[in-house]
Amino acid sequence: MPFYLFWLFTTVMLIGGVSVIAFRNPVSSALSVVTCFVGLAGLFIGLSAFFVGVIQILVYTGAVMVLFLFIIMLLDLKDEEHRTNKIAPIATGLVLIGIFLIQLFSVIADTPNAESPPLDQATLSAAADSYPQDSKIATELKEGHLPDVHLIGHTLFTQYNLHLQILGVLLLVATIGVVSLSKRQTE
Amino acid sequence: MASLNNYLLASGLLFAIGLAGVVIRRNIIIVFMCLELMLSAANLSLVAFSRFHPVNGLPDYSGQMLVFFVITVAAAEVAVGLAIIVALYRARQTIHTDELDTLKG
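Residue numbers (our numbering), protein chains in the order written: chain A, 1 to 187; chain B, 1001 to 1105.
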């Protein structure tokens, strides 16, 4: 990814993040989170993680934030606008992120920096040897394309198959939990 | 080309913003959104490490698998959390953390 695109997406992401805290209206905050996640998806795609970038948009900005907006609409939050902020939590928050940022900068100064390894025709076709000869992944790799979704699917259904099934059980439990939580309050 | 440390810095800044939001804001819904920001910041560093430390010439897909699982668990967490917030609002008529002090001694 060119450097100016990295800065563009990072700026969009960070401005979105700051305005989540700065806006008083919860709807504006929710839309700022959407802006932040769109910038983040741009960064993911710039890192050649196309599948993760697309589900970031589909799941987070598409499903999760719309759910947030629905709940904000459901609750009547009129008194939010003329509420004064207390000074103590703001001071605590600023001190906390000050300490965190000092820690972050000192850790990053000590971390060995890495330039992005190449993903060109030569490395991709060399990687094709570890996959079966005529498979879709091997053919795409030999042509010099990165079959991102195929590789993720391959890893998911071989190496992480058990985790995927546990995740299915978790989603089922969450669904039942939500239904029983909303049922109890109507009785 | 952006280097690994650039991505880690961006991820750390986003995490700091989320942390500040959790501490500063009193509205439970905003606190919840800031939690999502912190999860996404962690995802960004996972994807950056997966790209910058290749296995066999390809990005390390175990890192992206973890991102996939984090996103799924976060979606389940949002569904349950928002159901709890709605139940809380029906019971107490408020979602401000200052006014929810039943457990305070």
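Warning: the hint list may mix true and false statements.
One-sided excerpt, in silico: chain B residues whose CB lies under 10 Å from chain A [said to hold, decoys possible]:
| # | residue |
| --- | --- |
| 1 | Ala1002 |
| 2 | Leu1013 |
| 3 | Cys1034 |
| 4 | Arg1051 |
| 5 | Phe1068 |
| 6 | Ile1071 |
| 7 | Leu1100 |
| 8 | Asp1101 |
| 9 | Thr1102 |
| 10 | Leu1103 |
| 11 | Lys1104 |
| 12 | Gly1105 |
Simulated from the structure, these hints should not be mistaken for lab results. Where a beta carbon is used, it is the ideal one built from N, C-alpha and C, also for glycine.
Here is what the structure says about each hint:
Nearest Cβ of chain A to the Cβ of B/Ala1002: about 4 Å, under the 10 Å cut. The hint holds. The criterion of a C-beta within 10 Å of any C-beta in chain A is met by B/Leu1013, whose closest approach is roughly 6 Å, and the hint holds. About 7 Å separates the beta-carbon of B/Cys1034 from the nearest beta-carbon of chain A, less than 10 Å, and the hint is met. For B/Arg1051, the suggested interface contact is upheld, since its CB lies about 4 Å from the closest CB of chain A, less than 10 Å.
Taking 10 Å as the C-beta cut-off, the interface hint given for B/Phe1068 holds, the closest approach to chain A being about 7 Å. For B/Ile1071, the suggested interface contact is upheld, since its CB lies about 6 Å from the closest CB of chain A, less than 10 Å. Given the 10 Å rule on beta carbons, the hint for B/Leu1100 is violated: about 14 Å separates it from the nearest Cβ of chain A. At a threshold of 10 Å, the smallest CB-CB gap from B/Asp1101 to chain A is about 14 Å, leaving the interface hint violated.
Annotation: B/Thr1102 was flagged as interfacial toward chain A, and the flag is violated, the nearest CB pair being 17 Å apart, outside 10 Å. Given the 10 Å rule on beta carbons, the hint for B/Leu1103 is violated: about 18 Å separates it from the nearest Cβ of chain A. Interface hint at B/Lys1104: violated, since its Cβ lies 16 Å from the closest Cβ of chain A, which is beyond the 10 Å cut-off. The beta carbon of B/Gly1105 is not positioned within 10 Å of any beta carbon in chain A (closest approach about 19 Å), and the interface hint is therefore violated.
Violated hints, in rising order: 7, 8, 9, 10, 11, 12; the structure is consistent with all others.
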